[in-house]
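Model the full assembly from the supplied sequences, consistent with the hints where possible.
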Amino acid sequence: MLIYTLSFPEQVVLILAALILLSSFIMLAQVRVDSMINTFALQGLLLCFATTLMALISGKYHLLISAALTLFLKVFFIPGQLRLLIIRLNIHREVEVLGNSSLIMLFAAGLVLFSYYVALPIRALSLLSTRNTIAISLAVVLIGMLIVISRRKAVTQVVGFMSMENGLFFAAVVSTYGMPMVVELGVAFDVLVAAILFGVFFFHIRTEIGSLDTDRLNRLTEVEK
Amino acid sequence: MIDWIFAFLQTVGFVFLAPLMAGWVKWLKCRLQNRQGPVPWQPYRDLLRLSRKQVVLADTASPVFRIAPYIVFSVTVVAVSVVPIISVQLPTAALADVIVLVGFLALARFFLSLAGMDIGTAFGGMGSSREVTISSLAEPALLMALFTLSMNASSTNLSIVIAHLVQSPFVLYPSLIFSSMGFILVAIAETGRIPIDNPATHLELTMIHEAMILEYSGRHLAMMEWAAMLKLTLYSVLIANLIVPWGVGMTLAPRALIIGSLSITCKLVLLGGFLAVSETVQAKMRLFRAPQYLGLAFILSLLGMMSHIILEVR
Amino acid sequence: MDPTMSLPLAQWAVFFSFLSAILPLLFLRRPYLLVRIAFLFLGIAGIASAWAGATALLTNHVEQIILPLGLPWLHVFLRTDPLSGFFLFIVGLITFIIACYGPAYVRAHIGGPCPIGCLTFFTGLFAGGMMLVLLAADAYSFMIAWEFMSVASYFLVAYQHDQAENRSAAFIYLLMAVVGGAFILLAFGVLAGFCGSFSFAAMAAAQVSPAWSTIAFLLAFIGFGMKAGIVPLHVWLPLAHPVAPSHISALMSGVMLKVAIYGFIRFVYGLLGGIQWQWGVLVLLTGAASAVLGVLYALMQHDLKRLLAYHSVENIGIIYIGLGLSMIFQATGHMEIAALALIAALYHCLNHAVFKSLLFLGAGDVLQQSHQHDMEKMGGLIRIMPVTAVCFLVGCISISALPPFNGFVSEWLTFQAALQGTVLRSGILNAMIPVASAILALTGALAAACFVKVYGVIFLGRPRSLQAAGTQETSFGMRFAQILLALCCLIFGLFPTWVVHAINVIPARLLGVGLSKVADNGWLWLAPVSKQTASYGAIPVLIGLLVSWFIVFIFLHDPRQDNRIRIAPAWDCGFGPLTPRMQYTSSAFAMPIRRVFSFVWSIFEKIEPARQGKGPRYSLQITDWVWLIIYLPLGKLILKLAERTSRIQGGNLRVYLSYSFFTLLFLLWVIV
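Chains as they are written, first to last, in this note's numbering: chain G, 3 to 227; chain F, 155 to 468; chain Y, 2 to 673.
Computed footprint of chain G on chain F, listed as stretches where at least three residues anywhere in the stretch have a Cβ under 8 Å from a Cβ of chain G:
{"hint": "1", "region": "321-327"}
{"hint": "2", "region": "442-451"}
{"hint": "3", "region": "454-464"}
25 Å max Cα-Cα, derived SDA-like pairs, lysine to any residue:
{"hint": "4", "chain 1": "F", "residue 1": "438", "chain 2": "F", "residue 2": "276"}
{"hint": "5", "chain 1": "G", "residue 1": "155", "chain 2": "G", "residue 2": "109"}
{"hint": "6", "chain 1": "F", "residue 1": "207", "chain 2": "Y", "residue 2": "557"}
{"hint": "7", "chain 1": "F", "residue 1": "207", "chain 2": "F", "residue 2": "356"}
{"hint": "8", "chain 1": "F", "residue 1": "207", "chain 2": "Y", "residue 2": "573"}
{"hint": "9", "chain 1": "Y", "residue 1": "615", "chain 2": "Y", "residue 2": "581"}
{"hint": "10", "chain 1": "G", "residue 1": "155", "chain 2": "F", "residue 2": "449"}
{"hint": "11", "chain 1": "Y", "residue 1": "532", "chain 2": "Y", "residue 2": "503"}
{"hint": "12", "chain 1": "Y", "residue 1": "518", "chain 2": "F", "residue 2": "307"}
{"hint": "13", "chain 1": "G", "residue 1": "155", "chain 2": "G", "residue 2": "33"}
{"hint": "14", "chain 1": "Y", "residue 1": "532", "chain 2": "F", "residue 2": "404"}
{"hint": "15", "chain 1": "Y", "residue 1": "532", "chain 2": "F", "residue 2": "400"}
{"hint": "16", "chain 1": "G", "residue 1": "155", "chain 2": "F", "residue 2": "443"}
{"hint": "17", "chain 1": "Y", "residue 1": "637", "chain 2": "Y", "residue 2": "627"}
{"hint": "18", "chain 1": "F", "residue 1": "438", "chain 2": "G", "residue 2": "104"}
{"hint": "19", "chain 1": "G", "residue 1": "155", "chain 2": "G", "residue 2": "83"}
{"hint": "20", "chain 1": "Y", "residue 1": "532", "chain 2": "F", "residue 2": "162"}
{"hint": "21", "chain 1": "F", "residue 1": "438", "chain 2": "G", "residue 2": "96"}
{"hint": "22", "chain 1": "F", "residue 1": "438", "chain 2": "G", "residue 2": "33"}
{"hint": "23", "chain 1": "F", "residue 1": "207", "chain 2": "Y", "residue 2": "570"}
{"hint": "24", "chain 1": "Y", "residue 1": "518", "chain 2": "Y", "residue 2": "502"}
{"hint": "25", "chain 1": "Y", "residue 1": "532", "chain 2": "F", "residue 2": "397"}
{"hint": "26", "chain 1": "G", "residue 1": "155", "chain 2": "G", "residue 2": "104"}
{"hint": "27", "chain 1": "Y", "residue 1": "607", "chain 2": "F", "residue 2": "276"}
{"hint": "28", "chain 1": "F", "residue 1": "207", "chain 2": "Y", "residue 2": "559"}
{"hint": "29", "chain 1": "F", "residue 1": "438", "chain 2": "F", "residue 2": "424"}
Label-pair restraints from in silico Cβ distances:
{"hint": "30", "chain 1": "Y", "residue 1": "610", "chain 2": "F", "residue 2": "467", "range": "57 to 63 Å"}
{"hint": "31", "chain 1": "Y", "residue 1": "429", "chain 2": "G", "residue 2": "102", "range": "24 to 30 Å"}
{"hint": "32", "chain 1": "Y", "residue 1": "615", "chain 2": "F", "residue 2": "193", "range": "53 to 59 Å"}
Note that these hints are calculated values from the structure, not bench results.
Predicted model only: the values in this text are computed from it and were never measured.
No residue lacks a Cβ here, since even glycine has one placed at the ideal position from N, Cα and C.
This is the structure we're talking about:
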C-alpha cells in the first residue's frame, strides 16, 4: 500500500503507529523510573488518539469506548498509581543503568525488522488500509518483552509488561477494528487488576528481600549452592 | 550560462551572509539569558579584526597547519555551492550529490583535526581525538537519515530531492519525521553546539572545536571561524530545505527567487530561534554521554528507514 | 594496441618475473649488482604485465592457448580476458612501482643476517606466481600457480627469520594458506565432479545442482576468503604483514589480496553461475563485519604496519560489500545495478592496491629511517622527510574515502549501488542493505579517524624519541615510487568516468549487462545510474576548490597591510616548556573510541601507581577476540586430538609392522 494512496486520517494513523514505536524505544532507553512512567503514559495517549481516529475512519463507534478506557486506564490511572507507588517506595529518583544500552537499542531495531518479516504473511490476511502497522504493533510487543528482560527493577519490568499489552491492543485496533467488546473490557479489567496486584507485590518483594531488584529473587532458589 | 552565474552569486551571497546566522543565534541566546548580547553583526566585526591582525605561528607548526585553514574554508565553500538554497535550478547540484556533500564536510574535518595534532600541545590532540570520535559516530546516523530522505525521491541529488518533495502532493511521511529528528540531532553534534560541544567556552574539559583551533591566530583563525559559521548555516539550510521544502523556487524567475529568499530567511530565523532556545534550556553533556546521544540519532534514522519500508512502500 | 598481444605479453611478464628470480643468483658475490638486476627484470615484468592487462581490458578481447606442459591428458590452459586483464594491470602496476622502490630499500638488508639472494629469488617467484594465477584457465594450473604464490610469499614473510616472532607469524600464514588452498581445491573438485574436466571452459558449462553449487560456493568463499582476509579468517594478515619487508608487504596487501578477490569473482561469476541471493547476503554481511571490525582493530594498533594490515581487512570488507550487493542484485534479476555494484568492488580493488601500496611504501620509508615500529615513539617527521610526508598524506586521504581522491569514488559507487536497494521486492533485503551502507559510513568515518591518528602522531607534532628526531629523507628511487603512486591516487580519483568506462566491459562479460549511461553526460560527470539519480564531477569540484582557495587568499592578503607571519613558541599556559611527552599519543588519541566500542576488543588495561623512585606505569594490551573465541580453542582441540592419536605410536617395531600388515589386508579386501 503506497502511502500517498491513503487518506489523510489514515496517514495520521501511520504516523501515530510510528510514534508509538518510538515511545517504546524511548522507554527502552530511559534510565529514570519516573520518566519511564511518563513515557508509558504518553504511549497510552498516542494509542488513545489512534483508536479514536480508527473509530472515526471506520464508523465503528464502539472503538470510542475502548479509546476512553485506554485514556482512563493507561494515561491516568495506571501511571498515576505507579507514580504514587514509586513515591511511597521512595524510588522515584532512582536511576537504573542498563548494561550496554546501544547494543540493546540495536537489538531492538533488529526486532523491528524481525517482526516485519514475521508479520508479512499475517498482513496478507487483513484487508484494512492500515494493515502495515501490524508489524509495528508486534514490534511494540517484542520490545516490551525486551524491556522486561533487560531491566532489574520490578517497577520498570511492570511498565514493560504494560507496554506489551499496548502493542497487543494496537494490533487489534489497526488490523481488525478492535476485539469484541467483551474481550476488550476483560483485558482492560485484567490490566487494572494486574496493576493493583503488582502494587501489592512490590511491597511484599521489598519486605521479603529488602530490595526491588528482581535479580535478588535468585536467593529464593531451593537449589543448594 | 545564467544558472551558473546564479550558482556563483548564490554561493558568494551565502558565504557573506552566513555569519549573520551565528550572530543572530548568539544575540538571541544572550537575550534569553537576560544578558545584553553582542549585536547580530558582531561576527563581521570579529572576522574583519582577525583578518587584519598579524598571524602568530607556533615554531613547531608544519605546512599542514598553514594550509589547513585554506582547505577547510574552501572545501566548506564548495559544499555550500552544491546546496539549493533559494531555487532548485542549480547546475552545481549535479557536481556533488548528498553523499559527496558529506564527503566534503569529512574532508574539512580531516584537515581540521590534523591541524589540531600539528603543534604538539595537549589541547590540540585532545580536540582532534574528540572530534573524530564524535564525527565517526555521527556519520552513520547522518547518512542513514539522508538515505531515507532521498529514498522518497529515489535520488541523492539535492535539487531533485527538494523538487520532488515540493511538487508531490502533501503526504505525512512517518519516515520523514524520524529521519528529520535524527538529522537534527546529528546536525547539532556536527556543528559543535550544546549539548555536544559548547562554542562559547575555552574550558579544557568541555571543548572540542575550540581546542583544535586554539593555536590559530589572525587570518587563519578568521578562516576557521568563518568556516565554522558556514557549516552551521549550511546544516540549517539543509534542515530547512529538506524537511520543510516549501518556498524553494522551482525556476530562476524573479518571483520564485524573491519567494525563495524570503522563505529561506524566515526558516533560518526560526531555526536560529529554536537553536537559541534549546541551547538555553539544556546543559552540555559529558563527553561519554555523547555516544548515547548519537546512538539515539542513529536509532531514529534507522526507525525512519524502517518505517519507510514497513509503512510507506507497500 | 594489438588485441592479440595480451597473452604473449603476459607470458613474457611471467618469464621476466622468473628471470628476476633466477638470474641474479649468478651474482651472489656482488650483492649490489644482484639487487639491481633483480629489480630491473622485475620492473620489466611489471610493465609487460600492466601492458598486457591494459590491452586485454581495453580491447575487450579473449586470448587463449594450450601449452603442452604437465601430464599428457592435463595440459596447461592459459587465457587473458578483461577480468584477468584488469587484475594483471593491478599486479603489473604495483610490481613496477615496487621495482622502482626496491633497490634502495633492499640495500639496507645487504650484509644483514639473511642472504639478499633469497629475498630477490622469492620476490620474483611470488610476482610470477601471482601473474600465473591470473592467466590460468584450468583448475590444475590455477592451483599450482596459487600454491606457488603462497609458498613464495611464506618465504618472504619468514625472510627475517632470526626473530622468533617472525617465524611464528610465517608459520601461521603458511598454515592458513595451506588450509585455504585445500578449501579451494575442494571447491574445484565439486565442479570437476560435475563436468569431468579441469578446464574452466568446461566448468563454466557444467550444470550443477543448487545444493552442490551452494556447497561449492561455501568452499570457495572460505578458501578465497582465507587469502583475502575476511573476518574471522583474517588473523594471519596482521601477523604476516608487519614482519615482511615493506615492499613485500605492499605486494602482499596491495596485490595478493586482490588475486584472492580475482579468484573469488572468477569462481563465482565465471564458473559457478546460478548465483543465489542468500550467498549475496552472506558475502554482504561478512563484508560489513570485516569492514567495521578491521577498522576498529586498526584504530587500536600502534605498530604502523600492523595497523595498515588491519586496514587491509577493512578494505577487503568494503570490496566484499560491493560483491555481495552485486550478487544480491544479480540473483534477483537487476542486472544493471549488479553491474554497478561489481564495478564499485573492482574499482575499489584498484584503488586499494594503489593507496595501500603507497602507505606501505611510506611506512617502509619511515621504519627504515627511524628504526622504530612503534608509533608512540615517532612524531614530527614532516619536517625531516617532506616528500614522503606529502605522499603519505595523499594515501591517508585516499584510504579515508575523502574527495577528490580515488578511495572516495569507489565508496561512492558502492553507496549508489546500495541506494538502489529499493528496487528489491523483499523487505528484509530492503532494510538490510541500507544498514550495511550505514556500516560502510561508520567504517569510512572511523578510517578517517584512524588516519588522522596515524598522520598526526607520525608526521605532525614533535618528535617523541631521539631516533625520530635523527631521521633523514630517503633516496630518490623510493621517493619516486611513492610520488608515482600518489599521482595514481589523484588520477584515479579525478577521472573516474574513464576508469568506470574501462571496467565496464567486465560486468558486460560476466553478467551480460554493463552500465549503459556512464558516459552519457560527458567524461566530466560520473553518473552511474542516471543523471537524475546522482552525479559526481571530480574535476569541477577540484576547480571549485582551487578557485575558492584563490579568492580567499587574495581576499585575505591585502597588499596595503603587512602580511608577514611572526614565529613564536606555542603558548604553554605559563607552566614552563612544553615537552613532546605532553602530546597526545596514539593510544590516547584512540581512547574515546576504545571506550565507546569497548565490547569489540578484549582489553587489558593496568595502571600501577607511582612508587618511590618510580613514576606511575600504564600498560594496555588489546587482543583480537577472534583469537580468543575461535583460534585458541581450535588450537587446543587439535593439540588434544594429536595427543590422542599419538598413542598409536607405541615405538614398538612389531606394532608398526602390524599396522602395515592390517592396512594391507584391509586394502586387499577393498580392492577385491
